[in-house]
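These protein sequence lines are chains X and Y, in that order. Quick note: the first sequence, position 147, residue 147 per our numbering, numbers continuous. Quick note: the second sequence, position 439, residue 1439 per our numbering, numbers continuous.
One should not assume that every hint holds.
[What the hints assert, rightly or not] Short derived list, chain Y residues pointing at chain X, Cβ under 10 Å:
(1) K1049
(2) I1050
(3) E1098
(4) D1177
(5) L1178
(6) G1179
(7) V1180
(8) V1226
(9) A1230
(10) M1263
(11) F1269
(12) Y1271
(13) I1350
Keep in mind the hints are simulated off the structure, nothing from the lab. Ideal placement from N, C-alpha and C gives every residue a C-beta, glycine not left out.
2 protein chains.
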Amino acid sequence: MTYFQKVVLFSNVFLFVPVTVMASEGTTEHGNAFTYTLAVLALIVVAAKIAGAIAERFKQVSVLGELLLGVALAVPALFGFHALQELATNELVNFLSEVAVILLLFQVGLESNLQEMKRVGINSAIVAVVGVIVPFLLGTYVLAPWLFPGAGDIFGLFLGATLTATSVGITARVFKDLGVSTTKNAKVVLGAAVIDDVIGLVILAVVNGIVQSGSVHMGDVAWISVKAFAFLAVSIVLGRVLAEPISAILSRITAGIGMKMAMALAFAFGYAYLGSLFGLAPIVGAFAAGLLLDHVHFRRFSSPKFISTIQDVMEGSKDSGVIDRMHIAIEGFRERHIEDLIEDFGQWFIPIFFVMTGLSVNLAVFGNLKVLFAALALTGVAVIGKIVAGFFAGKGTDWKIVGFGMVPRGEVGLIFASIGQQSGVLNDEAFAVVVVMIILTTLITPIMLPMFLKKKEA
Amino acid sequence: MTYFQKVVLFSNVFLFVPVTVMASEGTTEHGNAFTYTLAVLALIVVAAKIAGAIAERFKQVSVLGELLLGVALAVPALFGFHALQELATNELVNFLSEVAVILLLFQVGLESNLQEMKRVGINSAIVAVVGVIVPFLLGTYVLAPWLFPGAGDIFGLFLGATLTATSVGITARVFKDLGVSTTKNAKVVLGAAVIDDVIGLVILAVVNGIVQSGSVHMGDVAWISVKAFAFLAVSIVLGRVLAEPISAILSRITAGIGMKMAMALAFAFGYAYLGSLFGLAPIVGAFAAGLLLDHVHFRRFSSPKFISTIQDVMEGSKDSGVIDRMHIAIEGFRERHIEDLIEDFGQWFIPIFFVMTGLSVNLAVFGNLKVLFAALALTGVAVIGKIVAGFFAGKGTDWKIVGFGMVPRGEVGLIFASIGQQSGVLNDEAFAVVVVMIILTTLITPIMLPMFLKKKEA
């Protein structure tokens, strides 16, 4: 058996069999659909965490493991077993998936350090813009009409859009592993990725608006772009103005982590809703909430016992150097950014989205060689588009490193694809092609980057 | 304005108005019911946290604040505004409420230290059994036929069941505040409360089974009792046997908090489902999962940076006493019980249940003086039943302290009541009466206990 066959077999014995048994047993007789869904999801999340850990052992991002787990779980459907696919139409599962992407984009927003973005400046901006425009144009106006003739304008726009957003997590890790995070190449890539996210979300807002209205009018496109940019810009400005007072209020609240998490989530969910009132996708709102709270710091009170132990130690010590450094350590421990709170909370939800996305791939379409070819062509365009961007990185940079650093698509591309599928714009073939493209672009980077980086050193 | 009026006004301006606006605005046009529900819930949870913090300032448990917030939010319904009540029939809200009670009972199970239960022994057991039987019999066979004539056997059983379970959180806090946690009185009460939980859940299982079958057969009652006891007993035994190997496996997992939380939740949700397969309520399963994992310890890796700072300090220090104590501190910090992980996760869900329960009270029923009288009568029986139990606490105890210590009903009683309401066994009047009883019993204890305790000292 190949490694892939083993993974498919193992994951299906672990998940498919129990779920099928549960599906035939649980929901009808005792009428507790909630508990059934929860139990299945709990199993899926555990499996996803294991798949993520395996991916990390192979120097890949955990998201890739979670996505591939979903694809592996789509195998039984080829033989007529659809118990897991039925989950994808379960309203509760869809609800939790929506919570997952909102939390995910909120996190991305929180991590988007705008000050750093400003510092890398013009080079990153050019790389980002070129890296969005080139693959978008190639996808929309070359690949879409060629590979899917007659699929229409909106289809083309969506296919192009899935090619735009860079998922820089994996690149950041490669840079870090090789100890080159502070080089100019790395800074340009990381800065461009943040700008990419912002542009990508505006594109998503536009595409989402077009899907809802069902037609492409330049006036609409302009209006949605203005709204999305304004929404993000206002959030950023508000964030800068309100960060201090909000931090001050929050640091006065002594009611523990629960209150702070409730407030952070109220921002995320409230903004997601606010975004939808403006006709924007909820994730644009969630991202804006993250930008808004980027500078807000929460104080943490979760382990007073530990802190008092440390304080006891300090009081017993006569070494003033020790005492000073302990004070700093305690402060560092108490100050906890919202990011950590949300990450802990999101840990359980986010894998649901990736597994369900993988599971939604109809593997039967790959029986058609054209689909396989389309997947490779889309991947090629995805790589070429970002490499072109690498040429604009300016003096002191290497186009290969910058280009391949920008190649992985990952989370945001998947969100685009799943919106496209749910709204019916992307058919089974196109959705499968996009998922394969995302998997391949995510696999390529950690293989190619170290080669270029080592060559350069040598 | 009275304080209560202020709270009603404030909470409704803060919550009711936005929700009404959102309800009329959000769901239809843009079709994103998920985001609307999330945003409303996020606001409700923030309000609940504030209400909880206010309750704590008045030396009450936060649960009471959350429940009263729900009741305050039920006021606009008196004037024909039902926007918030509609949430109670929203499937997503009901789903999250179900998640909340499962997490809550999982926590209760984790906190139920069985070894301590064994140690307090026979006195606690007698107090617990008497404190369950007396109010149950009084409620079922005296109050129910008298106050709600013709409501039927099942109704009576349910009303009696809501009177059984002790919610000892508030008593524990009063004991702790007054520094008497280690007295015999306190130990008997805390031990009895744990046994109470177990008995209460068996009663719930029985009552739940009766509701589902629609009739009372002694054979069924016996069979469900056996199943519930067996389920809990097997979980306890498995917990004792498997704690060591599970802990060993988990401590080898280095994939961070996410994996551990996923596994803990898989236990909770999986057991809840398993319970439902045996015809037991999901919360019985969740409680069993808590008992099972009671002794399992997870290692924590969340703040490696902090730990390495501490380690740096230790390396720099020449005082061996400091170093030894720092090692102990780091170990204490790394070892983290599942309880903490689940508590952080549950923080956001659990208030939803309490607010929704308060919100489900139809305040209009209190226009009928009979209902008010019934509420007071039920509260009287709830107090008397536990005080009778106090007489059985044995030598060296004070019946007033033990009795009033057992009076608060709280969480488990509310879960009973909401199951009763949702299944249609408890009508609006009875549900309102039970909620008022729970509020009053929870208010009485922190007022009465300190009086008795101070008298004794003097």
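Hints, verified against the model:
1. K1049: 4 Å, holds
2. I1050: OK, holds: Y:I1050 within 10 Å of chain X, min 8 Å.
3. E1098: 5 Å, holds
4. D1177: 16 Å, violated
5. L1178: Violated - the Cβ of Y:L1178 stays beyond 10 Å from chain X, reaching only about 21 Å at its closest.
6. G1179: Hint on Y:G1179: violated, closest Cβ of chain X at ~18 Å, above 10 Å.
7. V1180: Status violated, d = 21 Å.
8. V1226: Violated, about 18 Å.
9. A1230: 18 Å, violated
10. M1263: 6 Å, holds
11. F1269: This interface hint holds because 4 Å falls under the 10 Å limit.
12. Y1271: Holds. Min distance 9 Å.
13. I1350: Hint on Y:I1350: holds, closest Cβ of chain X at ~9 Å, below 10 Å.
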